[in-house]
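Keeping the supplied structure of chain L fixed, place chain W upon it in accordance with the hints.
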Amino acid sequence: MGVATYIKDEKDAIKEVILQSGIKVKPVYRPEDLERMGFDYHKDLGEPGEFPFTRSIHPLGYRSRNWTTRQYTGFGTPEQTNERFKLMISHGQTGLNVAFDLPTQMGYDSDDPMAEGEVGRVGMAVDSLRDFEIAFKDIRLNKIGSGLTINAVASIMLAMYQSVAEKFGYKKEEISATPQNDILKEMVGRGAWIYPVEPAVRLIGDTIEYSMKELPRCNPVSVCGYHIRESGCTPAQEISYAFEIAFAYIDEVVRRGYEAKDFVGGLTFNLNIYGNMWETVAKYRAARKLWAKLLRERYGVEDKRALFLRGIFGGGGSGMTKQQPENNIMRGAYYALAAALSGAQTTALCSFDEAYTIPTERAALLSLRTFQILMDEIGLRDTVDPLAGSYFVETLTKEMEQKILEEMASVEKAGGMVEAVASGYVQREVARQAYEYEKNLQEGKVIKVGVNKYTEGMDMEVELHEYNEAWANQQIERLKEVKRTRDGKAVKATLKSLEKAAREKTNVMPFLVDCCKAYASVGEMANVFRDVFGEHKEPSIF
Amino acid sequence: MMAERKIRVLVAKPGLDGHDRGAKVIAHALKEAGMEVIYTGLHQTVESIARQALQEDVDVVGLSIMSGAHVPICRKLMDMVRKEGLDDVLVVVGGVIPNKDISTLKDLGVQGIFPGGTRFDEITAFIKNNVKTGR
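Residue numbers (the working numbering), protein chains in the order written: chain L, 1 to 542; chain W, 1 to 135.
Read the hints as simulated data drawn from the structure, not as lab findings. The C-beta atom is built at its ideal place from N, Cα and C for all residues, glycine as well. Mixed in with the good hints there might be a few duds.
Anything over 12 Å on all C-beta distances counts as not near chain W; from chain L, calculated [stated by the list, open to error]:
1. Gly117
2. Arg140
3. Thr383
4. Gly415
5. Leu464
6. Lys496
7. Ile541
Taking lysine-lysine and the DSSO-like style, the derived pairs with C-alpha atoms no more than 27 Å apart in a straight line are [to be verified]:
8. W:Lys6 / L:Lys439
9. W:Lys100 / L:Lys453
10. W:Lys132 / W:Lys6
11. W:Lys83 / L:Lys448
12. W:Lys76 / L:Lys480
13. L:Lys453 / L:Lys15
14. L:Lys448 / W:Lys132
15. W:Lys31 / L:Lys445
16. W:Lys31 / L:Lys439
17. L:Lys172 / L:Lys304
Okay, chain L solo, but in the shape it has when bound (with noise of 0.2 Å):
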């Protein structure tokens, strides 16, 4: 997915080029374009590190630290997950990026029928305290940050990280941990919300709240582009929707009385990496200035650190291919690539079996050669953003931006983004997109290797990642084992408490971190909110 479009006449020659974003590339740019766009360096560009950040929010880029790699890993029970973990960090991962199972993302603890089929099956289960205490085993939590991919419940989530941080003797502000905790990309493109819109990003500004004050190391959000990408929409398109959700969530907590120059800084984002390298490139640049520019004009911020835009651009799952597996693993490389020469801090990428199944060891392990080799072998780390002053990567850039803009604009006409994905508007447009995408791949318009062009040939037999049908027992026998050693009546007691501060509009935070140590399991606490928050009834958009 994400290729551009070409037209070509009947020798193969490519007559037009347009990108998804909708801008047409020519076969040619020399200084006039630059002219034309009216193009300055310290206006458009600044220094590296320097507003407006176009080339990299660092001065030395790269030169001065590797980024970071951080593959989503977690399957079955915990003690699995910790393997996997150790595994990933022996062979030169520097970051953790959790994956829940879905019942744990949904809410709902290993024995519940809602659960059943899924326990451990795309992430970790995870019921109580007890099994982060047994993932993050011998992990050093003040040494590596751990990203949680976590939405719904990323508030019970985020106090059980401090817990267990705590529990290990660690400080909550040594800790680095960043839950993705952006509900409204779940409600565009991943599903897995529980409650409705309005009390869903009260909680949201509660972490941000409650991480601003109390865990200075952690990042509170992590704004999704991403999803929104897979699930249909442009690249132009994923950093305006994921703009604007960053304003609904930054909106929440100002209205509280906070100034957004006192946590925007911890926010961050999470950015796909597949498609046509130019606008991928295009888009980062461009989406760095307009964060900056943004900010300082929507809410005055002037701090440098806090006007980053700091992400993990990784992924991406739309571009792999269950056709000719092998493919994907160069796919892999490339993707790679576009995300260094667009300055990623922090990347990942979806392992080459991404259309069959959750990585297998092998597979996440190449993921990581890929980063490594680009980054020690190939040059990446030399300069920063080498690309800066190409004619073509500076026009693309600013033409960009105005997409990006004019993307913003369609939001903010049908009512800012909580307006619009309760009406379905950013849904009907995504599903939209995503049926012509698929028109064109069926008919040959777009051309994606292996799928539609150069099929010829055997595919490679893929090892797949077993699921263990065992993981769900262990899971709830070791759930009945923490319910019956628990102190029944303070679990109790910090549950009440809990719905009191639900009720009364108090940051719910502090609260659950009590419910987290006493073991109180993800289902007690998901379903104290489902009692005062009700569930999000998904707008119908046929």
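Here is chain W on its own, set in the frame of chain L:
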């Protein structure tokens, strides 16, 4: 001359998986092919899907499952289909389905299996050729 009744399809997202791009794309395609499509939305229980299939008097139930839980889910659904007397309904499934599971699903009574990337015309032809007419 009697107007030909449009084929009615329930496109369903069972269980906890929230990835609905495929389900929505297929729903669009089936509509374009002249069918009546009801989309259940996310997080449906098997019981709820069976109930909607009955209520909406559909000819086809199409499940979209991306998490890998297709075998347990289909097993449950086919049990429910038999229990509720929905045996005339054509059950098809799409999503992330490894080849090795196709025969298992067929044994359970799922008639059409369409892993991600299957062409629209293949799916619509299958439905038109296998739907039980005169229901």
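Do the hints match the structure? See the list:
With a least CB separation of 3 Å from chain W, glycine 117 of chain L falls inside the 12 Å interface cut-off, contrary to its annotation. With a closest Cβ-Cβ approach of about 32 Å to chain W, arginine 140 of chain L is found to remain outside the 12 Å limit, as its non-interface label requires. Every CB of chain W lies more than 12 Å from the CB of threonine 383 of chain L, the least distance being 38 Å, so the non-interface label holds. With a least beta-carbon separation of about 22 Å from chain W, glycine 415 of chain L lies farther than 12 Å from that chain, consistent with its non-interface assignment.
Distance to chain W contradicts leucine 464 of chain L as a non-interface residue, since its nearest Cβ pair spans about 6 Å, not more than 12 Å. Separation of lysine 496 of chain L from chain W is adequate, the least Cβ-Cβ distance of about 28 Å exceeding the 12 Å criterion. The beta carbon of isoleucine 541 of chain L is not kept farther than 12 Å from every beta carbon of chain W, the shortest such distance being approximately 7 Å. Distance hint between lysine 6 of chain W and lysine 439 of chain L is fulfilled; the C-alpha atoms sit about 23 Å from each other, no more than 27 Å.
Between lysine 100 of chain W and lysine 453 of chain L, the direct Cα distance comes to roughly 25 Å. Compliance with the 27 Å bound is thereby established for this hinted pair. A hinted pair counts as satisfied when its Cα atoms are at most 27 Å apart, and lysine 132 of chain W with lysine 6 of chain W qualifies at roughly 12 Å. A C-alpha spacing of about 44 Å is found between lysine 83 of chain W and lysine 448 of chain L, which places the hinted pair above 27 Å, so the restraint is violated. A hinted pair counts as satisfied when its Cα atoms are at most 27 Å apart, and lysine 76 of chain W with lysine 480 of chain L qualifies at roughly 26 Å.
A distance of roughly 19 Å separates the Cα atoms of lysine 453 of chain L and lysine 15 of chain L; the hinted pair therefore holds under the 27 Å criterion. Taking the CA atoms of lysine 448 of chain L and lysine 132 of chain W, the gap is about 36 Å. The hint is violated against a cut of 27 Å. Among the hinted pairs, lysine 31 of chain W with lysine 445 of chain L is consistent with the structure: their alpha-carbon atoms are about 22 Å apart, no more than 27 Å. For the proposed pair lysine 31 of chain W and lysine 439 of chain L, the alpha carbon gap of about 14 Å is at most 27 Å, so the pair holds.
As the CA atoms of lysine 172 of chain L and lysine 304 of chain L are separated by approximately 25 Å, the hinted pair is consistent with the 27 Å bound.
Hint compliance for this structure: hints 1, 5, 7, 11, 14 are broken, all remaining hints hold.
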